[in-house]
Amino acid sequence: MKEYCWARLGWLVAALVSAPLGCGASGPFEKPFTARWQNDRGRSISLVQERLAGSKTPVGQPLAVGVGAGGLIALPLDGNGVAWSQAATLDALPAIAGDVVVATAAGRLLAFEARTGKPLWNVDAEGRRLRGAGDDGGTTAVTLGSREDGQPSQLLLVDRAGHVRHRLDSAAELGRPAVLAGVAFVPWQNQYVSAIDVESGEEIGRLLMREQVSNALAIGGFVFVGQLGLLRFDDRIAAATTGGARRIELPFKKLPGDPVWLSDGTKTELPTAGARARVRLLARPVERGEEIELAAGHFAATYYRVVMGFRAEGAKLAWVKTLPADSLGGGAASPGFVLCDKLGGVHRIDATSGAAQAPLSLGARVRACVVQAGDLSVAANAPAPSLTEQVSEAIFLHDPEMAAAHEFLLSEIGVLADPAVTRLLIDVLSAPRTSPRLRVVAERLLAARRDGVDAMLAALQSHYDYLTDTLRTPPVGALAEALAAMKEHRAAPLLAEHLNDPANPAEDLVRIAKALTVLATVEQLDELLAFLALYRATADEEALVEAVLLVGKALLALQNDAAREAVENAARGPLTVPAVRRGLAELLEVRPAREPGAAASSAAP
Amino acid sequence: MFRGFLRALLIGASVWGSAALAATSVSAAPKTNAKVDVEALRAELESGEEGRMLSALAELSTHGKDLPEAANLLRGVLERGASVPVIEAALSVASLLARAELSEAVARYTRHRSPSVRLTATRTLGATGGTAAIPALRAALRSADAAVRGAAAEGLGRLGAKEAVGELFLALDRRVLQAASAIGRLCAPPECLALSERLGRVPLEAMTDGIDHILLRSASEMPDEHKVKVIARVAALATADAARYLVGVANRWPAGDAGKARRALKDAIESLGEKDPLKKP
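Heads up: the sequence lines are chains E and Z, in that order.
Quick note on numbering: the numbering used here labels position 331 of the first sequence as 331, and the sequence is numbered without any gaps.
Quick note on numbering: the numbering used here labels position 46 of the second sequence as 46, and the sequence is numbered without any gaps.
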């Protein structure tokens with residue numbers, strides 16, 4: 001301590017700061033969390049770093065803690081403990097800090113041993129609610145938020161015996177703290193991180209961040225601070241003000257529900273999970289040489305019942321895991337992910353494949369859940385299904401709440417070259433419960449496919465059939481477009497049959513007819529002639545007119561006398577719909593026929 | 001002026017379907033033995049003018065039965081295609097002519113996108129028969145259009161399409177009630193029993209026509225023991241409607257047939273509290 005005071009004094013002299021000096025209660029900071037401070041460009045925090053160099057935060061007990069109807073329900077995740085519960089009426093989401101679980105209930109701040117649930121201490125919360133907690137194995141730092149506007153935030157530093165060593169009020173909103181070797185790191189006012197000596201309660205260093213900061217976290221022995229991204233507290237932390245600190249953030253990816261990695265640490269989270277808790281990003285920074293990266297090179301996103309894994313590089317979808325119920329909380333392991341659902345299920349998922357170990361259970365339904373994965377390593381113990389199969393499982397949940405995830409997943413895999421994807425798109429489009437919006441996405445993707453021809457041809461064999469309960473037509477329009485682009489002539493007879501199937505929507509007829517201009521041979525002459533005869537004089541909607549003209553074009557492309565004669569007759573026929581007549585005439589490059597009433601030189605069709 | 005009036009009537013006829021067309025044409029062009037000018041009729045039908053074509057079709061509806069060329073003329077109209085009123089009128093005339101050689105030309109219209117054209121064509125096939133009729137009606141039984149399914153079922157029954165009984169059962173089980181009558185006409189004895197097993201699930205009023213066809217067949221076509229089972233299933237409904245229906249069957253029962261089935265009918269009627277119309281069958 002004495003040594004540190006000298007170091008601090010040295011810095012103060014060097015910095016020529018005019019503020020009151022000394023190693024006593026006063027120092028470079030008048031009082032913790034006060035804004036009257038001149039930016040020292042990282043010097044004070046650098047001194048703190050030098051003091052703490054080589055120190056590590058405790059690994060912490062891997063644990064899932066749920067908020068059940070009766071209070072806390074906890075489950076150690078490493079098999080080295082038994083599930084425990086504690087009755088309490090919580091007023092905020094509990095926090096796991098190393099080997100301690102803290103919660104606020106009935107105006108008290110409670111702490112329990114993470115492994116066993118044994119009560120450790122119980123102190124007055126002064127009517128405040130838990131915001132966040134950190135622990136270094138000896139002292140627990142807890143930030144409490146006010147119930148009412150205007151009431152200051154509070155930092156409590158409590159030792160294992162339950163002695164409140166310091167209780168510091170702050171007019172500025174305090175974020176979630178971390179503790180490393182006797183120094184608490186407390187974000188505040190969304191721009192500062194103060195280092196508070198747990199012995200003296202004095203602020204011994206301060207970091208001015210160039211970005212939003214409301215969280216200090218202990219991860220893998222290090223303290224990280226930030227919100228959108230995380231800066232590591234290490235030998236480069238002093239350079240944070242100039243952007244030189246070690247920092248990691250997740251690659252940007254537009255994801256369903258716009259999940260965030262870290263919530264705003266200055267806000268109290270309620271003990272009942274809302275939408276935000278169900279839609280989250282999970283990632284764990286790890287050291288790699290001089291830099292930091294994401295564990296196993298992957299991060300995860302939750303969206304209600306679906307967990308999606310992404311490669312950090314390029315943010316490409318790697319896997320999808322469908323949970324039995326909404327995810328309420330989770331944590332990133334080293335590597336892997338642990339999530340708990342509202343039924344109390346705890347799921348351990350491999351980071352790279354999405355393969356899940358046998359689920360654990362909290363033993364009861366929960367309203368909210370927090371997970372500290374610690375150094376737990378979740379490895380696949382069985383091969384995961386293919387990505388397409390995983391997406392298929394997620395999509396066929398047919399849960400309207402999942403619509404955004406379904407669209408996202410389909411768009412992600414819809415561009416992958418894999419015949420199984422083509423099959424999935426066809427299945428999605430053939431399923432009666434597929435939502436109209438998802439249908440639009442699937443249609444677009446299917447039309448752009450250039451593989452899975454066999455699946456496409458098989459799908460075209462199907463027609464509406466009331467007797468076999470086939471009450472949807474296959475996606476013939478998109479299939480026609482894709483097969484024509486692939487010059488797949490085997491599709492021609494199937495498409496010709498669909499052309500004359502009234503169950504297909506008129507819009508699809510246009511795409512079928514267009515495909516037949518490329519694919520049809522003289523073998524499809526009868527179907528093409530039949531279509532022309534049926535609709536040249538009855539086409540009563542724009543799409544049908546367009547389809548008739550395309551059929552005319554397909555007939556002319558056959559270079560067949562009968563085909564050309566039929567088109568010529570239709571172009572001359574007084575009963576032919578005027579738009580069809582004009583269009584066919586243009587195709588034939590002849591003048592349109594005379595108007596009805598004029599004498600016809602030959603049989604007018 | 002009269003010509004204009006006739007034309008209006010014909011257009012109306014095409015909208016209202018075959019019955020209306022027949023009625024209109026009869027009133028507009030009284031049936032005579034006057035010689036029909038086939039070439040003139042052909043020219044009108046090939047004119048491509050809706051009014052002239054409808055007039056010619058009206059004439060065909062009147063004289064077509066006696067005109068060997070009528071089917072050819074009609075087929076030409078259907079194959080070339082025309083407006084919806086003309087096509088519907090042509091289909092109605094085809095129904096009146098009931099010529100098997102028209103079935104192919106008519107069949108393609110069972111897949112037309114216009115619901116009214118589809119329905120008229122389906123009904124027409126039941127009248128024309130012909131090689132294309134049964135396959136087209138079997139396909140129409142699978143249609144998305146309930147009216148077309150019903151008409152297809154009726155047509156299959158009328159055309160004696162025994163090969164379609166399996167599909168008719170599928171249709172009946174999906175509420176195509178017209179299939180019950182068709183099955184009654186077409187069923188082999190075990191199939192007839194299978195039809196009677198639907199009693200209770202399918203309303204009796206939808207089943208009576210089919211049951212009639214079963215019970216009133218000759219003993220050589222339908223053994224008495226099967227009829228007895230069918231009668232028992234009707235009686236098991238134990239409703240006033242069932243009793244009334246069985247009395248009606250007894251009234252239509254072939255005179256002189258006093259076999260096992262007739263006795264079972266009598267017992268069933270009496271068990272339902274009604275009087276058998278023939279005391280001593």
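Possibly wrong hints are sitting among the right ones.
According to the in silico footprint, chain E covers these stretches of chain Z (three or more CB under 8 Å from chain E) [claimed, not checked]:
1) 54-65
2) 96-104
3) 111-119
Every beta carbon over 12 Å from chain E, so not counted as near; a handful from chain Z, in silico [to be verified]:
4) A146
5) R149
6) V176
7) L193
8) A232
9) D257
Interface residues of chain E toward chain Z, partial, derived using beta-carbon atoms under 8 Å [stated by the list, open to error]:
10) F29
11) F396
12) H398
13) D465
14) L467
15) D501
16) P502
17) A530
18) L534
19) R536
20) A537
21) T538
22) G573
23) P574
24) L575
25) A579
Please keep in mind that the hints were generated in silico from the structure rather than gathered at the bench.
Where is the CB? At the ideal position from N, CA and C, for every residue including glycine.
So, going through the hints one by one against the coordinates:
no., hint, result
1, 54-65, "violated (count 0)"
2, 96-104, "violated (count 0)"
3, 111-119, "holds (count 6)"
4, A146, "violated (9 Å)"
5, R149, "violated (6 Å)"
6, V176, "violated (8 Å)"
7, L193, "holds (22 Å)"
8, A232, "holds (30 Å)"
9, D257, "holds (37 Å)"
10, F29, "violated (78 Å)"
11, F396, "violated (25 Å)"
12, H398, "violated (23 Å)"
13, D465, "holds (5 Å)"
14, L467, "holds (4 Å)"
15, D501, "holds (7 Å)"
16, P502, "holds (5 Å)"
17, A530, "holds (5 Å)"
18, L534, "holds (6 Å)"
19, R536, "holds (6 Å)"
20, A537, "holds (5 Å)"
21, T538, "holds (5 Å)"
22, G573, "holds (5 Å)"
23, P574, "holds (4 Å)"
24, L575, "holds (5 Å)"
25, A579, "violated (14 Å)"
Hints 1, 2, 4, 5, 6, 10, 11, 12, 25, counting from the list given before, are not met by this structure.
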